[in-house]
Amino acid sequence: MQAEQVEIAGFLKQYPPFDELPEAEVDEIACQVEISYFRAGTDIYQFGDEIHELSIIRSGAVEIYRRNGDLYNRLSEGEVFGQLSLLMSQRVRLPARTIEDSLIYFMPEALFMSLCDRFDSFAYFVEVDDNLLHQAVSDKQDKSDLMVSKVTTLISRTPVMADTSATIREAAQKMTEAGVSSLLIMHSPESLLNRASLPEDDALEDTSDRLLAGIITDRDLRTRVVAPGLDLDSPVTEVMTVEPVTLDVDAYAFEAMLTMLRYNLHHLPVLEDDYPVGVLATSDIIRYESQSSLYMVSSIMRQTSVDELAELQPQINACFVRMVAEGANSHMIGSAMSVIGRTFKQRLLELGEAELGAAPLPYCFLALGSMARDEQLVVTDQDNALILDNRYQPEKHGEYFAQLAKFVSDGLDRCGYVYCTGNIMATNPVWRKTRKEWQQTFTDWIENPSPEALLNCSIFFDLDGVWGKVDWAAQLNSFVAHRAQRSPKFLASLARNALNRTPPLGFFKDFVMEKDGQHGNAINLKRRGTAPLSDLIRVHALAVGSKVQNSFERLDDVSEAGILPPGRAADLRDALEFISMVRIRHQAADVEAGREPSNSIKPEMLTDFDRRNLKEAFKVLSNSQRFLKFRYPFSGR
Amino acid sequence: MLGSHAVNWPALFQQRAEQASDERLKRFYQQGVVAGDTALADVPLVALDFETTGLNANKDEIISIGLVPFDLQRIRLCDSRYWLLKPNQGLTETSVPFHGITHSQLSAAPDLNLILESVLDAIAGKIVVVHYRNIEREFLNSAIKKRLGEGIIFPMIDTMELEAMLYRRGMLNRLKRLIGWRLESIRLGDSRLRYHLPHYGQHHALTDAIATAELLQAQVLHRYSKVTHLSELWT
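Chains A and B supply the protein sequences, listed in that same order. The numbering used here numbers the first residue of the first sequence as 31 and each following residue consecutively. The numbering used here numbers the first residue of the second sequence as 13 and each following residue consecutively.
Heads up, a few of these hints could be off.
To be verified - Here's a subset of chain B near chain A, in silico, CB distances under 10 Å, partners left out:
1) Arg86
2) Cys90
3) Ala223
4) Glu226
5) Leu227
As the list claims (entries may be wrong) - Which stretches of chain B does chain A cover? Using the computed rule of at least three CB atoms under 8 Å from a CB of chain A, they are:
6) 200 to 210
7) 230 to 240
Don't read these hints as lab results, they were simulated from the structure. Positions of the beta carbon are idealized from the N, C-alpha and C atoms, including for glycine.
So here's chain A without its partners, still in its complex pose:
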């Protein structure tokens, strides 16, 4: 009678990857294992040993080392080791030693390989290094309609178009007949030919040979035609939006949402090889995103006082929770929350200008840090600053901008964006500078990267104009990108600074385990995960002259520049996505439970799946930090 190993099978079934196997398979494993007892401090495997078994810790604890003796991992009851060596070489690459008296179950290689072949879940689990994290991230994304739907699935009809020669009246008639709220205005082929023959300086941009000349909407007819009382026989080109923002036909639905949020658009033409194949309306997206962040934005713009704005805060949190529940990814959520934050600033500035009177000089209100990167979440403070016109005179204009800044800052605080503890706010006179002064300041920081200057870098090197002369912010960005790229000393300092915050090694029982073997009770996923990742990505982005701010978009630029080892950009993307989503999901759970959302998580709140993937993500971060030292050597002086 073949003995049934109830005790051992029962143990295995509690832990991954065995918990996902059919019961009969686990029973078979239980009948095939060999058992061995090891005292604390005993080598189970030394480097280069032959290995033909997977080890499962039944009780006790085991440490895994790198060849150089660095601690690689610490494992306890229910965890496995030896899988990589089994898969790759049948030689031990990472030695294992017990740190407690331990009982180990050994599973034979043939069975291990057979399970890998027959069960995807088992193979994913053991082939940890690259695949697992990626799998975790893509599994997650599969759940969201917006993530997998191509923008084409949202297009309900072919676009309605008119020629640039049409009058406003003809355009309006065409829209009425077709029952649409927008009309695309197209260059006629002849006009294109004519334009092509014009002298070069008339063709200001490459876009001049595009077929799409502009777009006109119901709203434009109201605000640009009826209200000012324009002649209906004027050419439609006088009132259309020229060279509108468009989207490629290959884009995903979520990109459409991000684009509309970012530019506050209600209509978005979709092009295939420069030819329009449809126009997306806000309502097309809202069908996909039930409680839309787009609604949130328009709701913010409708409020008429700070009191009313402050009342919206619960709705923002609800919007955040819903996006998480609907399976949005961190880029979508970060962008939506950032747009909402920007909209608060815009509305507060409108209200402020209404109360204080129009500004005496042009200015640009800046968002800094996570909001500028489109990575804002619900736990956030306000980081902002002002760019002032070069004609600014403190004694003459100072009072106005101080009051405006105070109005906005107090308003933001009431709406849930608490004051910045580092006092990086427009209320601080130090952070109200003219365009020239800002350029000089950035030049100083880049040329003399003092510790104090570097402290500011993680905030000021992510900047975005939210109100007023937003071009100035873009210009400042270009200036910074240009200068930073050419300053190896600055990049080296920034790189060194990006190593200040490091990830932990992983988890051990219900503790966070540090590289020195110490234990902690909780982990701050921002400080130990997403923030150092953003810091690291920023260094690479500045080094390749990238002008974008979002970490994922920066990674695209960095990846294209080819300065990272193969696959590293994708690993970083997966790592950032996974840590961000764990952080986001826990914050959403906090909000739902009526708790104050936090960046800090106790390991016992994490599932096995999250722990394993977080550990992988931390490893990616840690390896990338090592690479940073090597890529941007600090020459000293």
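Dock chain B against the given chain A, drawing on the hints supplied.
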């Protein structure tokens, strides 16, 4: 060392091999016994456990047998065996269920006589390891004697005895007992905890056999060594 009356096991086995009339017993003894001066690391071992209807070897009966071959390196579950046995006397309602074993399972089970050859083949040439030898040694001897008219004897390592040496013998323990101090438990589960071995659901002959094998591995690593002679432990 354990038995003050040192038995000459090879001589005893040789004698029994000549005297035994049952072929199965004869073959068992003919396989011989591991020499007492063999280092523990080289000794083939087999952990054995019975579940019985009571504690009296003359009256009560074996209802299940679990065994697992092992050595100091590995406990090999793929070679483990487990049998249910049908008791001769009818089972009373009160005597069962035994640890999850049902009436119908037992009434469908074979008599020891039918599986004796398999049991003896599994332990022949190996040193049997038990926790509390009085059960396994006396019940097996008595059950075989009832069926074949001749008993069985072989050396054993008793993991409970190894614990008793630490926690039951010696002046200090005798003194403790005298003044009524609570003595360390030497039951299987409690002994295992002292070596940080996990808790197992008890009272299944095979689980207990595995638990005993693990305990011996731990005892040897903590208190003896791989080169300790078998004769220091057997009894």
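Hint check: 10 Å Cβ-Cβ cutoff, B/Glu226 to chain A: Given a least distance of 6 Å, the restraint on B/Glu226 holds.
Taking 8 Å as the Cβ threshold, is the statement that the segment 230 to 240 of chain B is covered by chain A upheld or broken by the three-residue rule? Satisfied; 3 residues make the cut.
Interface hint status, B/Leu227 versus chain A (Cβ within 10 Å): With a minimum Cβ separation of about 9 Å from chain A (threshold 10 Å), the hint on B/Leu227 holds.
Status of the B/Cys90 interface restraint (C-beta, 10 Å, chain A): 5 Å, holds
Examine the segment 200 to 210 of chain B: at least three residues should have C-beta closer than 8 Å to a C-beta of chain A. holds (count 4)
Under 10 Å, Cβ to Cβ, is where B/Ala223 needs to be relative to chain A, so tell me if that hint holds or is violated. 9 Å, holds
Hint validation: B/Arg86 versus chain A, beta carbon distance must be below 10 Å. Holds or violated? Holds, about 4 Å.
The structure agrees with every numbered hint stated previously.
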